[in-house]
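Novice: Protein chains in written order, with the UniProt record's numbering: chain B, 1 to 333; chain X, 1 to 253.
By construction, these hints were calculated from the structure, which means they are not laboratory data.
Fair warning: this is a prediction, and the values are worked out from it, not measured in the lab.
Hints are supplied without guarantee of correctness; some may be wrong.
[What the hints assert, rightly or not] Lysine-lysine pairs mimicking DSS-like chemistry, simulated, CA-CA at most 30 Å apart:
hint	chain 1	residue 1	chain 2	residue 2
1	X	Lys63	B	Lys19
2	X	Lys146	B	Lys122
3	B	Lys321	X	Lys210
4	X	Lys117	B	Lys19
5	X	Lys194	X	Lys129
6	B	Lys17	X	Lys210
7	X	Lys142	B	Lys188
8	B	Lys119	X	Lys142
9	B	Lys321	X	Lys63
10	X	Lys140	B	Lys19
11	B	Lys321	X	Lys142
12	X	Lys121	B	Lys19
13	B	Lys119	X	Lys63
14	X	Lys90	B	Lys188
15	B	Lys188	X	Lys194
16	B	Lys119	X	Lys72
17	X	Lys129	B	Lys188
18	B	Lys19	X	Lys194
19	X	Lys210	X	Lys185
20	X	Lys185	B	Lys321
21	X	Lys72	B	Lys122
22	X	Lys146	B	Lys119
23	X	Lys63	B	Lys188
24	X	Lys226	B	Lys188
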Amino acid sequence: MESINVNRRKTIINTIKEKRFLIITLFIISAIIAYMLRERYLALILCFICINSIAVSGLDILFGYTGQVSFGHAAYYAIGAYTSTLLSLKVGIPVFFTIILGALLAMLFGIIIAFPASKLVKHFLSLLTIAFGQMVYMFISVTDKLTNGFSGIIGIPNLKIFGYTFSSNQSYFFLFLAIVLLVLLGKKRLINSRVGRAFIAIRENPHAAAGMGINVRYYKIMAFAISAFLTGLAGAFYAHLVGFISPDSFTNAQSNIFMTMLLFGGIASLVGPTIGAAILVVITEIMQSFVSYQMLIYALFILAVLFYLPNGVVGIFDNIKQIVARRFRKKVD
Amino acid sequence: MLKLNDVTIKFGGLTAVNQVSAEIAKGSIFGLIGPNGAGKTTLFNIISGVYAPTSGSVIFNGKEIQGTAPYKINQLGISRTYQNINLFKKMSVLENVKVGCHSISNAGLFDAILRTKNQKKEEKLIEEKSLEILEFMDLKDKAYYKASNLSYGEQRRLEISRALASDPQLILLDEPAAGMNGREKEELSETIRKINERGITVLLVEHDMKLVMNVTDIICVLNYGKKIALGEPAYIQSHPDVIEAYLGGDLND
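Bound conformation, chain B alone (with noise of 0.2 Å):
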């Protein structure tokens, strides 16, 4: 009994120190975030992050909890981009349904794709993904009179919701702040349900879940879906952020962009995503002159992940936490 009783303080202190931690972060975040609002291209920056968060949080829905590989995620990216820039400039859709309905059509492609690739595992799925990232590539590439072909689309409308219209990078990223914590929200309340367990089990042993009565193939399927859903929002997001879309921002390397946020911000965590769009995101920027160099130095990235940081930055964290607790134990023994 005793012991339970030290156990439980030793939780109670460590709950309060990590809100002491947190509260510092989130003071150190907002005020960095204040700073970078200041300026144009900074702002751009931000949104930059929090829209590649909502992508990486949907890939790692998909692989980090039901443990199923994507790499052509870019063309999720690019059916929500396309569609909501399609609808809304040809169509005349008022451009917040447009989004929406970007996010679905990605969702749906996910759910058809879903349909054979819940029935293949490791190599034989990558190669189905990549296969399909480079599907739309093409198709995004050679319609010339649908999508303008190579030389893009530009003057993509600015969404308006209730009539207030989001036209600097600043207003943006407001609303891209409080979808990502939404998405945060959702993710968590998500992992820790009866759903999300049975992501979990499929993750770790397909054929213990399937014993345990979860029909492995649906909650597959499911996790596409979701999963596509979110990727395609936010290159719906980034369709009107940016104002112009050309397939150069859909290809191969983008997919593999997202696995390397995802990878190196850490894998099957809440907040993993977004530490991996922000880092990559900056780093990009600062690398901007060397943009040739791009993929080395996302391979370079990925390297260190699977050598030193398997399990990414957040891991650092879990990492320092617990030798905390195991000096904190030393203290109390």
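On the provided structure of chain B, position chain X as indicated by the hints.
Specialist: For chain X alone, coordinates are given in the frame of chain B:
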């Protein structure tokens, strides 16, 4: 409760299970024994839906279930453990049992994201139920351990806990005593009886003779995929074919 009618399965030229018929009465503890490679686990896999038999039928509560997908079999009320431990290693002990509750709960994606009233209620029930089962299986103080950090015997117990979580009518235990020491085995016999007292029918595959003879009501003996004897432990112990095929000598050593 469960009836096997001439169940046969062939893998290429090999007949792993050959025309096995048996009936498992409701509320009984049924033992399935045989030498290595006799087809015990294969028969288990047929009942739990992993394999579809080449011919013959499996009838559960009057319904043919052969060839039904494993997840549906679980939902029908048959749950199982695995010979080579198949836990969700990175999940906590408690979460493993919670996954076992999948069949008896039904909150979906939107319930989870919106945290509906029903979902919260259901989560609370799942938590209470899982903790109750862990207490029953004497694992409650390890509830927040990672499954992979448990000892071997504890992992075996967790396998059973997880299988109990779906409120099964029939539980299939595939060599639950493998790798356990003498004391753990004794506790296991006790546990199997306690599970049976909960009204759950038990089908037990086990190598440990003492345990099987001790705990089962009826035993079926397989050899080379064929049923060679079926009866009460005392009858099996003295059955000449069984002694010849499997035991190779006196049981009462």
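Novice: For every hint, state whether the structure bears it out.
Specialist: Taking the hints in turn, this is what the structure says about them:
no. : hint                : in the structure
1   : X:Lys63 / B:Lys19   : 55 Å, violated
2   : X:Lys146 / B:Lys122 : 26 Å, holds
3   : B:Lys321 / X:Lys210 : 48 Å, violated
4   : X:Lys117 / B:Lys19  : 28 Å, holds
5   : X:Lys194 / X:Lys129 : 17 Å, holds
6   : B:Lys17 / X:Lys210  : 54 Å, violated
7   : X:Lys142 / B:Lys188 : 24 Å, holds
8   : B:Lys119 / X:Lys142 : 35 Å, violated
9   : B:Lys321 / X:Lys63  : 54 Å, violated
10  : X:Lys140 / B:Lys19  : 28 Å, holds
11  : B:Lys321 / X:Lys142 : 21 Å, holds
12  : X:Lys121 / B:Lys19  : 28 Å, holds
13  : B:Lys119 / X:Lys63  : 29 Å, holds
14  : X:Lys90 / B:Lys188  : 17 Å, holds
15  : B:Lys188 / X:Lys194 : 38 Å, violated
16  : B:Lys119 / X:Lys72  : 18 Å, holds
17  : X:Lys129 / B:Lys188 : 23 Å, holds
18  : B:Lys19 / X:Lys194  : 45 Å, violated
19  : X:Lys210 / X:Lys185 : 10 Å, holds
20  : X:Lys185 / B:Lys321 : 39 Å, violated
21  : X:Lys72 / B:Lys122  : 26 Å, holds
22  : X:Lys146 / B:Lys119 : 29 Å, holds
23  : X:Lys63 / B:Lys188  : 41 Å, violated
24  : X:Lys226 / B:Lys188 : 52 Å, violated
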